[in-house]
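K.L.:
Spelled out from the first residue to the last, the chains are:
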Amino acid sequence: MRWYVVRRVVWAVVATFLILSITWGLLAITPNPAAEQMQFQAAASGGSAEAAEEAFEARRGLDRSPWVRYREYMVNMATLNWGWSQTRSQPVIDAIASALPYTAIYSVPTTILSILVGLSIGLYSATHQYTRTDYAATFFAFFGYAIPNFWFGIILLLVFGVQLGWFPVVFDSDLPFFSLGMARQLVLPVIVLVTGTIAGIMRYSRAEALEYVEAEFVKTAKSKGADGYRILTRHILRPAAVPLMTILVGDILGIFLAASYLVEVVFGIPGLGQLSYNAIIAQDTSLVLGTTLIFTFISVIGNLIQDVAYTVLDPRIDYGDR
Amino acid sequence: MPSGNDRRSDSGTAGRRGRRRRRDVLKLIGATGVAGLAGCSGNGGNDGGGESSDRSVQGTYVSASSVDAQSLNWLTIADATSGSYVTATLDGAWAIKPEREIFPLWADYSTDDGRVYEIELRENLEWGAGYGQMTAEDWVYMITNVFQARPNWSGYPNADSWFRMNPESSEREPIPVEQTGTRTFEIRLFEVDPSFPFKPVLWRQQCIPKGILEKYVPDQDTEGLQQDEELNTLAYTGNLGPYTYEQWERSARYTVTRNEDYYLKDVEGVPERFTEAPYFDQQVVRVISEESTRLGALESGEVDSAGIPPDKANRFENLPNVNVNVTPQPYARIIVYNMRANGWEPFRSKAVRRALAFAVNKETVVQNILRGYGQVSQTMQPKWSQWYVDSEVEEFGVGDRYGPEATRSRLESALSDTEYAYDGETLVDGSGEQVTLSIYYDSGQPTEGTIAEFIAQEFGENAGIDVQPEAVSSSTFQSNYVQTSAPEGTEPEWTAGVFNGGPRDVATSAEPWDMSINLQFNTYPFTPASSKGFFERQGGINYYGYYPDSDIAELYEQASATTDETRRQELFGRAFGLISEEQPFGFLAMPSSVSGYADNVRGYDEEFNTGWDSQTWYFA
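Heads up: the sequence lines are chains A and B, in that order.
When we follow UniProt numbering, the leftmost residue of the first sequence carries the number 1, and every step to the right adds one.
When we follow UniProt numbering, the leftmost residue of the second sequence carries the number 1, and every step to the right adds one.
Simulated from the structure, these hints should not be mistaken for lab results.
Don't be surprised by glycine CBs; every beta carbon is placed ideally from N, CA and C.
A couple of the hints might just be wrong.
[As the list claims (entries may be wrong)] Estimated spans, in silico, between C-beta atoms of each pair:
hint, chain 1, residue 1, chain 2, residue 2, range
1, A, F143, B, S66, 25 to 35 Å
2, B, N318, A, L113, 47 to 57 Å
3, B, N318, A, S120, 41 to 51 Å
4, A, S65, B, Q227, 20 to 30 Å
For reference, chain A alone in the conformation it holds in the complex (with noise of 0.2 Å):
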């Protein structure tokens, strides 16, 4: 399994190599609606759109080779010198370190919930076949993922915020992670990041455990005499949750990927998804490099821990002879 880790990460590496390579050359290749509207409001003022141009060039270190600026990047961040965010005026690494926890605060908690929620609710919807808990079971489910979370997010924001008053509108990033009030202001992120996310996890496991729910194993720990709580945790869920681990993992990188921007946008979040977009829309190549690096990292080690799961979850794989 060591040697098979080894080729993984080494894989990671050359993978990353290229997505960096093929990130930078598209935004090399993109022109920037920054530079073309400084041009315009030059030129609309009487001055001259080329001197905006190299005036722009300039301050982005644009006017050296391409090349220079790739061996030049590639070697920062190799030495994880990651760059200068110039849209935001500091360092890369600095950007990030400042976003990663606000978005670490709402999705972790995200993950937890999503997981023993949709765990509970799927389970137990599969234990309870067809009843009436499991056709709500099934509407929430469905509810939850076809309601989008950016405009469930502003309804909650208008209803429970400026209607009720009960949360805040803003984030305030003043206040301390580990305080009542940080908890309050992210109940709502939470509850629409949740709502979107368990339903996968609900369907996913009811399917898989349906699967062992009548399996002979099960019938044979049934008589035996083993309690409802032990056959659904030991001889449901642990085979259940081989295949559930793609889906698991598959989630959290999707908190990170996608719905972190929409709820960091809605709710004012400072947060790695809102540095991601706003360094793509800017093109602020350093940042966008970095962040993409980090979103590459996430997906690395992500899937490294989905394999690691699957040998100590399922006895029956093996990596010994790859």
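Following the hints, put chain B in place on chain A, whose structure we already have.
P.N.:
Below, chain B alone, put in the same frame as chain A:
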């Protein structure tokens, strides 16, 4: 201590001699004769118009911004938000009051001829971080070594403003700037320009201590300058602004605290309300990118001010805890006609453009689409501007100068010698097909989309032309429709840059188009001559291929070069009259800027450029 709004007492910091000479210039350029330009006095607005006795220093003023700043190092920025962050801590040379009067901040100016300007700094200007007194040396060093450096190694976005055409050499050269004393320096323009003090080159111009710049100038160290910690944390601002930098938490909030040593409290000749300014203990800008959240925060009282889109303004007007403030702004909403080879050729005819000006009801645009938050537009100046002369401007799209009959009869006559003609109520081409034109609008602007739909409807009903609205993103529009060039391998007779790549028969945009409303054009009410490039065949912005019938640019130039105020008004009045007559664009409206303020905020007013004295705003 003097009170009231007029800061032109005889005992200002700039001294009697300079002040008198500037006053003479101000008379020449009409600054004293334009009270009521925006309909308000501009001295503190809704606190009753005079000095208020209930001002006191208190509270934290929180405003909402849709975007964050990019940097606090103002040498490297070009966006308005970054500029506003810096302005809270650094005043700049002077402000312009809504009536187009100069209000000296750090400096005052004097001139005898409108060509040579002497700038005199106040005595009590102190840098922070141990850089001592602000002197003329700081200014001259910055202008000559950074702004006017060739190449522009610092990337300063407004560097071009510090170069002008020298008629003697016919070259663009740096404007000569020379130190004349510890606190005085002289700017010697090549030609007379009475509008010079109103241009951004000096208006609110900020400065950086020589001690910081000389670390980077010798080696032209761009990276060092960009990443300088003192510049990026505004550590050098001393007593030079109403507030002091405290914290910038990116994408979340920007916080500044009251500057106890603000230089304006120690000077004579300013209205009393400035001597204790600023009146907020703290100011915070909260970055809230989502509009609903921003407006929700204003409604719930979590922020004290936020911009409001016109279609939501009515709801806020009914809220007891929010006051809606409507101010004029300088941008005109216009229909741009593509007169280049890939547009509809009849747009090249003045008579056709004039006929089409009868087709769109401008009052409906203002009242129904902009919900009343705007004014009808007829030429390249707002109606409230001192340069707008009623008797010169020809009105279209209002009253009896609007409607199907008025449009069709004129269009028929204008197209009489072409293949186009009316078939009943429909305008058809030579093959009998109805004329179909495109109109482009910004896909991210719902109000703009509604305007495009309305124009299409009006053209259909009143001109018999089928108009198809097309949405494009702003970046696509810039690159595919605004940038014009001659086909590869073709050498155009002339070129005036990316937005006017050559003669209209040769240079076109990458994609064909007929009409667009994507861009709003600045009318520059403070410096009207700045819009000259829109109306010249070889102007810097002429992506639409307009060839004027009369020499509008010449009128602009004459007006720019005269210090005789009456003559200037007359010349600009005639130029804007000709523009309305020629209809280079279909002028529609000038939308207002709508903001919401918490009901206890005082100081703002319903006038152009409100906020010039925001350091005197306060909580009631």
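K.L.:
Determine for every hint whether it applies to the structure shown.
P.N.:
Comparing the hints with the structure gives:
no.	hint	in the structure
1	A:F143 <-> B:S66: 25 to 35 Å	holds (31 Å)
2	B:N318 <-> A:L113: 47 to 57 Å	violated (39 Å)
3	B:N318 <-> A:S120: 41 to 51 Å	holds (46 Å)
4	A:S65 <-> B:Q227: 20 to 30 Å	holds (22 Å)
The structure fails to meet hint 2 from the earlier list, while all remaining hints are met.
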